[in-house]
Structure formats: structure tokens, C-alpha cells
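Asker: Given next are the chains, with one letter for each unit.
Number of protein chains: 2
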Amino acid sequence: MKPNITIITLGVSDLDRAIAFYQNGLGFPLQENSNENIAFFQAQGTTLALYPRDKLAEDITIEDTGSGFSGFTLAHNVSSPEAVDATLNEAVEAGATLIKPGQNVFWGGYSGYFADPDGFYWEVAWDPYLSEDS
Amino acid sequence: MKPNITIITLGVSDLDRAIAFYQNGLGFPLQENSNENIAFFQAQGTTLALYPRDKLAEDITIEDTGSGFSGFTLAHNVSSPEAVDATLNEAVEAGATLIKPGQNVFWGGYSGYFADPDGFYWEVAWDPYLSEDS
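Just so you know, the sequences run in chain order A and B.
Heads up, the first sequence is in our numbering, so the first residue is -1 and it goes up one at a time.
Heads up, the second sequence is in our numbering, so the first residue is -1 and it goes up one at a time.
Please note that a few of the clues may not be correct.
As the list claims (entries may be wrong) - Listed below are the simulated DSSO-like cross-link pairs for lysine-lysine, each with C-alpha atoms no more than 27 angstroms apart in a straight line:
1. A:53 x B:53
2. B:98 x A:98
3. B:0 x A:98
4. B:53 x A:98
Bear in mind the hints are in silico, worked out from the structure with no lab data behind them.
All values reported here derive from a predicted model rather than from experimental measurement.
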């Protein structure tokens, strides 16, 4: 099995709200293959998809019983500490909740977290050992 | 904010078990920047990381209270229905749990799901409208 993650699908409670956050708020480009039931955004090397949480559970064939910490994060690297703060502000203006303000962290970088409208955690980070751009 | 998902980090309950599953079981190549505290696997366009769940919650600055359905899936596309079944079998042999056997699905493809040792859901899918390879 090649390490190929084709799509990351988030099970959301209000599809319209989630689409508005990612498309209008964060500026992610909606793919043409999206429709009224599911939204796809082309991300670098993978696709971020939004789909109603109850339908996602149904598709997996499991019960939708979860709550609390989902046990995963999405990371978004930018090119400077200032860009971390700017991106966190941009997300909050788009409707995200600031969870951890940008700060120097133990591994030598600068990072913070926001939660999207469904509570999915995004880390926004500057890593001095990388040259990733925003 | 560009649609750049640099890293997907899974908060796992037993790091050694999770590394064994992804590295030895599924054959994902471990990145050199991994260490005894965190594991990184280069995936196509993004990085899959494994990190202890309690430490991930601590890093976000939240309580680790979740259980049940985490509300997200990772998708892995392959080139044929037969490859879906073969990949599901490979994952089960590596220690995954088969959740939904490969089957024809409503959107015209063939797909199934497995759960990794921490309960994270992977869809393995053949999409006749794509030419993705495994």
C-alpha cells in the first residue's frame, strides 16, 4: 500500500456552514465535482472533503456516537511567526475559534491552533527547519 | 490561507503499535526526522504523523475526552475493484479491522473501509472516473 492519502473527509454537522467557512472564510477553491451533497477542495497533494457527519458514519457502516477530542489534527505551515499570527487571525475572522494563540513551542518553532466550526483542530505553524510557504 | 495541509497527525494510544502498523504492516516509509516521541511518514503531498493521543491533546491545550466516531476518514484510491479487495486484505493482515467489505457503492465506484489499531477509518476505493493508481 503506497502512502497515498487521496482524500481527507471531515464529517460536518452543517454542510452549508462548513462550506462557507472553508470556501468564503479561508479562501479554499471549491472543486467542480462538488455538489449539494458533498464539497471537495483541492489541497496540496490531497483533497479536503466536507460531508454530513451522519452520512459519513452511515457510509462507513458505524454508529455516529463520538464527541470530544477526535484524536487528530491538520497542520498548515507558513513562512514566519508573523504569518502564523496573521493566519490565526484570518481563521478567527472567518468563524474559527482560537484555541492556542501563536507562541514559541518546545520543538523550536512558533505555532498555534484554531478549531473550525465543527471542532476540527488546525495547527498553524512556522518551522525554522523548513522552508514551507503559506 | 492556501489549501495546504502540511501534516495529518493521528493521536494514538500506543505509539510503537501504531508505528509497527504503518511502517511494517502497510509499508509506509518512515521519515528520517522521526524519533522516539513522534513518527512521520511522507505521503503524497502531505505527511502522516503519529503522536501519543494524550500529548496531542496537551499540545492543542484541550482535554482528551473523546471517544467513538472521530468524524473523519482518510481515503486511499486504487486502480481497480480487485485492488480494493487486495488492499483491504493487506491492511487486515497488518492488524487492521475490516469494517465494510469492498462493494459497489452508490456513487458508481467500489469501496470498503478498514479501521487502524486506534480506530481511525481508511476508505479504500476504486473510482471509475479517476485514473489514480495504488
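Asker: Against this structure, judge whether each hint is valid.
Answerer: Verification of the hints:
| no. | hint | result |
| --- | --- | --- |
| 1 | A:53 x B:53 | violated (30 angstroms) |
| 2 | B:98 x A:98 | violated (37 angstroms) |
| 3 | B:0 x A:98 | holds (21 angstroms) |
| 4 | B:53 x A:98 | holds (15 angstroms) |
The earlier numbered hints that this structure contradicts are 1, 2.
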